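Engineer: One letter stands for each residue in the lines below.
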Amino acid sequence: MIGASLPILRLRAELLARTRTFFAARGVLEVETPMLSAAAVTDPHLASLVTVYSGPGPRHGQTLYLHTSPEFPMKRLLVAGSGCIYQIARVFRDGEAGRRHHPEFTLLEWYRVGFDHHRLMDEVVELVSELLTDRLLLAAPEWLSYREVFERYLDLDPHRVTVAELATCAECLEVPIPPGMPMADVDPWLDLLLTHCIEPHLGQGRLCFVYDYPASQAALARLRPGDPLVAERFELYLNGIELANGFHELSDAAEQRRRFEAENGMRRIQGLPAMPVDEGLLAALEAGLPACAGVALGFDRLVMLTAGKDALAEVLAFPFAWT
Amino acid sequence: MAMYSTNEFKSGLKIMLDGDPYAVVENEFVKPGKGQAFNRVKVRNLKTNRVIERTFKSGDTVEGADVIDIELQYLYNDGEYWHFMDQQSFEQVTADAAAMGDSGKWLKEEAICQVTLWNGVPLSVAPPNFVIMTIVETDPGLRGDTSGGGGKPATLETGAVVRVPLFVQGGEVIKVDTRTGEYVSRVKE
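So the protein lines, in turn, are chains A and B. Position 287 of the first sequence, counting from 1, maps to 287 under the working numbering, and the rest follow consecutively. To convert, count from 1 in the second sequence and add 323; that's the working numbering.
You may find that some hints are simply not true.
Straight-line C-alpha distance at most 20 Å; calculated SDA-like pairs for lysine to any residue [to be verified]:
(1) K428/B with K365/B
(2) K365/B with G98/A
(3) K357/B with R99/A
(4) K380/B with S145/A
(5) K380/B with L144/A
(6) K333/B with D187/A
(7) K380/B with D341/B
(8) K357/B with R259/A
(9) K365/B with C197/A
(10) K357/B with A321/A
(11) K380/B with P176/A
(12) K380/B with E130/A
(13) K357/B with M275/A
(14) K357/B with E104/A
(15) K357/B with K309/A
(16) K357/B with F105/A
(17) K380/B with P319/A
(18) K309/A with S5/A
(19) K357/B with S145/A
(20) K357/B with L144/A
(21) K357/B with P319/A
(22) K357/B with D185/A
(23) K428/B with E414/B
(24) K337/B with K370/B
(25) K380/B with K309/A
(26) K357/B with S5/A
(27) K333/B with S145/A
(28) K380/B with S216/A
Distance ranges between label pairs, derived from CB positions [what the hints assert, rightly or not]:
(29) E165/A with G335/B: 53 to 59 Å
(30) G335/B with Q62/A: 40 to 46 Å
(31) K333/B with S129/A: 38 to 44 Å
(32) D389/B with E30/A: 53 to 59 Å
(33) E351/B with R152/A: 52 to 58 Å
(34) T162/A with Y404/B: 49 to 55 Å
(35) Q62/A with I391/B: 44 to 50 Å
(36) H118/A with D389/B: 43 to 49 Å
(37) G240/A with N442/B: 38 to 44 Å
Read the hints as simulated data drawn from the structure, not as lab findings. Nothing here was measured: the structure is a model prediction, and the numbers come from that model. Even for Gly, the Cβ is constructed at its ideal location relative to N, Cα and C.
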């Protein structure tokens, strides 16, 4: 694995500098939060790398998890009255390596107090357009709800579809169906069709936002009552590659605790270890998170697209060998 | 047999799918922003050589295939099966027509072959890259034509037919590249 050339490292540095200028001009504060935590993300689809602190001090021998995103401590800062904040953080994910995945990568994560997810999507457009100026010429951005995306590419309503219908659709499109797909849960089937049949089409030559996800895929987004109930969550795609995930942030502590526990329950069913939940975050939500929206953008992928490259290994110094 | 997680997939790994042995050709990790990750793999069926696509949920396990490549010495063909011997253990191994493909036509007794065994049974047999054989039949050529252009068919002692230059005569010994089936040169005995 060769790694990034010097011109690409210079491009990366320039994009980082422009990002900082962008936020400084808007009065968004740069922060840093710990990479190591005694609590970890409970999402069964995320695996934290683990280490042990060997002292000195009372935390001697404690298991610590490398963060998969700086979300929890950043929300605690918001509760503490930080106002709008951003962070450029190296994050770590076990079990993720490939052309567009790397076990450690740079996330640009920011929170805007008083924004909802739509207003934040507008700011994402402004930032990405600013970073891509003179590099990549894009058509006007596109906004599609999760339902519109499935209707457009598969002629299915993702909020009402059954596992049987999704399986039939996969067969018609000659998507190889993985062994052991659950028959009582539509989400893995939606993910299968999304990754195999839809994502490659999204955002070709333009930014494409997908928003209003099924409530079952809310993660840390707030739910909006209605028929169907949807999660105020969005994803950004450019040239078929997922670049960012954002939420109109959930601020209900009881609901957050329910989601953590449900995810740990799913972990147990799947034979994965349950994770210690972040009581610091729950206590902060209890105290009151200001209404806000937040987004995390995969910075290395943005560098990759800006540089016209196809693999993260081409934009990282000393990439992880995965083949 | 060992189980392999999708995290251990790499090109060349031999796995069992639907009762057949396959080799991993390509492995791509895909994951939506949140949610289920998948490994999209291209695998080659070691019986038919056909490449197909499969998808696995990341982290799932698949049974490994007991597939090894060894060198065996060709002994004889009984009309239905080809018999080989392991020169270390002196164990004998029998290959059927499906495993032989068209390799049989290049085999003279004692030839050393690369044999792929699945559960101890040959899946495929590769002849030596180059073989030396006597021509048993070819049209009389034009003496003095050494251009090599054109050529004519020549039947070898094993029954294989190759194109040889016009100047090559019946009874002569030639060297053939079995990978392309092409004449290389005459061999002085």
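Engineer: Among the hints numbered above, which are violated by the structure, and what are their numbers in rising order?
Structural biologist: 1, 4, 5, 6, 10, 12, 15, 17, 21, 23, 25, 26, 27, 29, 33, 36
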